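Trainee: Take a look at the letters that make up each chain.
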Amino acid sequence: MATERDRAQSGRATREAAASRAAIAVRPEEFHSGSGKREKVFEMKGVRVDYSGVAAVKDISMDIHRNDVTALIGPSGCGKSTLLRCLNRMNDLIPAAEVHGQLLYHGEDLYGPDVDPVQARKLIGMVFQKPNPFPKSIFDNVAFGPRILGRKADLDATVEEALRSAALWEEVKDRLEDNAFGLSGGQQQRLCIARCIAVQPDTILMDEPCSALDPISTGKIEDLMIELKEQFSIVIVTHNMQQAARVSDRTAFLMVELDADEQSRWGRLVEYDETEKIFTNPSDRRTEDYVSGKVG
Amino acid sequence: MAGLGAAAPRNRLATAGARATTRAMLRDQPRGDVIRNTAFAGLLLLAILIALAGLMALLIQAFAKGSSALSLDLFTNPPSTAFPEKAGFRTAILGSLELIAGVILFVIPVGIGAALYLEEYADKTRWWNRLIEVNIQNLAAVPSIIYGILGLAFLVRGPFDLGFILAAGSLTLALLVLPMVIIAAREAIRAVPDSIRQGSLALGATKWQTIRRQVLPASVPGIATGVILAVSRALGETAPLLLVGATVFVTFDPTPFSPDGYSAMPVQIFNYAVRPQEEFQALAAAGIIVMLAVLLAMNSFAIWLRNRYEQRW
Numbered sequence: 000m001a002t003e004r005d006r007a008q009s010g011r012a013t014r015e016a017a018a019s020r021a022a023i024a025v026r027p028e029e030f031h032s033g034s035g036k037r038e039k040v041f042e043m044k045g046v047r048v049d050y051s052g053v054a055a056v057k058d059i060s061m062d063i064h065r066n067d068v069t070a071l072i073g074p075s076g077c078g079k080s081t082l083l084r085c086l087n088r089m090n091d092l093i094p095a096a097e098v099h100g101q102l103l104y105h106g107e108d109l110y111g112p113d114v115d116p117v118q119a120r121k122l123i124g125m126v127f128q129k130p131n132p133f134p135k136s137i138f139d140n141v142a143f144g145p146r147i148l149g150r151k152a153d154l155d156a157t158v159e160e161a162l163r164s165a166a167l168w169e170e171v172k173d174r175l176e177d178n179a180f181g182l183s184g185g186q187q188q189r190l191c192i193a194r195c196i197a198v199q200p201d202t203i204l205m206d207e208p209c210s211a212l213d214p215i216s217t218g219k220i221e222d223l224m225i226e227l228k229e230q231f232s233i234v235i236v237t238h239n240m241q242q243a244a245r246v247s248d249r250t251a252f253l254m255v256e257l258d259a260d261e262q263s264r265w266g267r268l269v270e271y272d273e274t275e276k277i278f279t280n281p282s283d284r285r286t287e288d289y290v291s292g293k294v295g
Numbered sequence: 000m001a002g003l004g005a006a007a008p009r010n011r012l013a014t015a016g017a018r019a020t021t022r023a024m025l026r027d028q029p030r031g032d033v034i035r036n037t038a039f040a041g042l043l044l045l046a047i048l049i050a051l052a053g054l055m056a057l058l059i060q061a062f063a064k065g066s067s068a069l070s071l072d073l074f075t076n077p078p079s080t081a082f083p084e085k086a087g088f089r090t091a092i093l094g095s096l097e098l099i100a101g102v103i104l105f106v107i108p109v110g111i112g113a114a115l116y117l118e119e120y121a122d123k124t125r126w127w128n129r130l131i132e133v134n135i136q137n138l139a140a141v142p143s144i145i146y147g148i149l150g151l152a153f154l155v156r157g158p159f160d161l162g163f164i165l166a167a168g169s170l171t172l173a174l175l176v177l178p179m180v181i182i183a184a185r186e187a188i189r190a191v192p193d194s195i196r197q198g199s200l201a202l203g204a205t206k207w208q209t210i211r212r213q214v215l216p217a218s219v220p221g222i223a224t225g226v227i228l229a230v231s232r233a234l235g236e237t238a239p240l241l242l243v244g245a246t247v248f249v250t251f252d253p254t255p256f257s258p259d260g261y262s263a264m265p266v267q268i269f270n271y272a273v274r275p276q277e278e279f280q281a282l283a284a285a286g287i288i289v290m291l292a293v294l295l296a297m298n299s300f301a302i303w304l305r306n307r308y309e310q311r312w
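So the sequence lines, in the order shown, correspond to chains L and Y. Per numbering that gives the first Met the number 0, residue 0 is the first one in the first sequence, and the count goes up by one each step. Per numbering that gives the first Met the number 0, residue 0 is the first one in the second sequence, and the count goes up by one each step.
There could be a bad hint or two in this list.
As the list claims (entries may be wrong) - Once the Cα atoms are required to be at most 27 Å apart in a straight line, the calculated DSS-like pairs of lysine-lysine come out as:
#1 Lys276/L x Lys39/L
#2 Lys121/L x Lys135/L
#3 Lys276/L x Lys219/L
#4 Lys129/L x Lys228/L
#5 Lys206/Y x Lys151/L
#6 Lys39/L x Lys57/L
#7 Lys121/L x Lys44/L
#8 Lys64/Y x Lys121/L
#9 Lys219/L x Lys44/L
#10 Lys129/L x Lys206/Y
#11 Lys135/L x Lys206/Y
#12 Lys123/Y x Lys206/Y
Honestly, the hints are just simulated from the structure, not real lab data. Because the structure is a prediction, the values reported are computed rather than measured.
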């Protein structure tokens, strides 16, 4: 009843529009009311990322839970990808980037002095915006991770299992020695997911994994994400709000903030909550405007 | 219905008129356009003819003079100043082969290493790295005789004091073509998209594993093309070799470290060409044909390699 009253107060029409645009599938069994108690994969407190001394995102404080799909949404330039790349230390590859604040991974400081970013990336895999298969055979693409980790025993089984997990095995089992470039865009992206799974990470980060794909391939990858969260924790950056609504358990909305003289801009976390709430009953006016399509 | 029937002939007339106008427009090309187009195409053709004329003149002259001297003896007989009918290029061919073998052994590791450093490790915001880059570009344009002097001063004499041996000639040629190899290898390495490096690093590969297993294999065709082109340049070089001890007349098979002297194809051709006797002239021409055939084969192989293994990202 309280919900009903809230809705009436802050504009029912807007809310309904938002709900229909976002095409929310209500899954009560997956509605984690007590997620505050659940195991945390990442804990961020006051995280700030600077590029050459200029802040790209500021004051990010949020916890990411185990076996959730967590979506980062927001307009272009709000720092979603920057934030995502902090989580597996890919920002280390940009010499000008600096990460400040506290970022814990399973309780350990991810940016601690004795943490090796290479080891961190073995645990925290990443799938990129554009499918980026290696110019090798399908088999060698998936086997690359296990090979560099020295896990060469039962390579065939590892590759098969990873391809099955990525829902690609049936399509490629007869042509494992073919070049990966011969696959379609959607298959290439699932190959990249399989490649990531083969390393047996604990978390998979996905940076707009469907933005280069058609709706059918996108649907397959979304189904895959829902399956994969049984084994992995997934963090996904997406421009597609319907996608966030369809696949994620929790959603973080980031926005671009300008300083007074509009000289510098940075991304800031506006709201972070259960996906259902973000899309049906957000607490912040700006989130509501964004998810209802009034801005952005 | 009646109205439509009356309008039909007028419509037909209008259609016919429109068609005539279209036809006239389509065919009415301004006269000036035709002349300008033809003149411009003619100029371009002239440019290509000038470029080809020199090469054709050389080829025709070489074939006219040298075809009579072409035989297998050319490859098997050592040179001779007394008996032109028995003289060949055996020692010069062996000398050239050993020279380029040395060049390949030197430029592949050093060239790829330098290119990898510049592309993958060097911080391009640092002035010394930019200085190195500019210098390598410059070195590629330094005349080959300068490298001959360098080889003489530093390798044959001076700090290394190798003497007039084939290995010193080989090293001199390697230094000469090294900038070419570095530039070609850098381009091949740069052509590997960053998404491949990131994909590899995101799987927990180290930088070296990424370079060794992703970047290098993907850039091998480009690097090989550059190496072949560099080697064919080295094969044709004469000037620096004359300074570092390639002698014009060697009757025994050369070895890399023997101080007895060595020769090379272009040097031997030069030796025969400056002799007054007609027979030696023919021999030089035959040598030119052999050289051209080898160079053409190598360059064709480089082009084939590039087209065959070119990776489209």
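Trainee: Indicate, hint by hint, whether the structure satisfies it.
Mentor: Each hint, compared with the structure:
1. Taking the CA atoms of lysine 276/L and lysine 39/L, the gap is near 20 Å; set against the 27 Å cutoff, the hint holds.
2. For the hint linking lysine 121/L to lysine 135/L, the alpha-carbon distance of about 21 Å falls within 27 Å, and the restraint holds.
3. For the suggested pair lysine 276/L and lysine 219/L, the alpha carbons sit about 25 Å apart, so the restraint of at most 27 Å is met.
4. With a CA separation close to 22 Å, the supplied pair lysine 129/L and lysine 228/L stays within the 27 Å bound.
5. For a cut-off of 27 Å, the pair hint linking lysine 206/Y to lysine 151/L stands: about 20 Å separates their Cα positions.
6. For the hint linking lysine 39/L to lysine 57/L, the alpha-carbon distance of about 21 Å falls within 27 Å, and the restraint holds.
7. For a cut-off of 27 Å, the pair hint linking lysine 121/L to lysine 44/L stands: about 24 Å separates their Cα positions.
8. With a C-alpha separation of about 69 Å, the suggested pair lysine 64/Y and lysine 121/L falls outside the 27 Å cut-off, and the hint is violated.
9. Proximity of lysine 219/L to lysine 44/L is assessed by CA-CA distance (about 34 Å); at most 27 Å being required, the pair is judged violated.
10. Among the hinted pairs, lysine 129/L with lysine 206/Y is consistent with the structure: their alpha-carbon atoms are about 21 Å apart, no more than 27 Å.
11. As the CA atoms of lysine 135/L and lysine 206/Y are separated by approximately 19 Å, the hinted pair is consistent with the 27 Å bound.
12. At most 27 Å may separate the alpha-carbon atoms for a hinted pair to count; lysine 123/Y and lysine 206/Y meet this at roughly 18 Å.
The structure does not agree with the numbered hints 8 and 9 stated previously, though it agrees with the rest.
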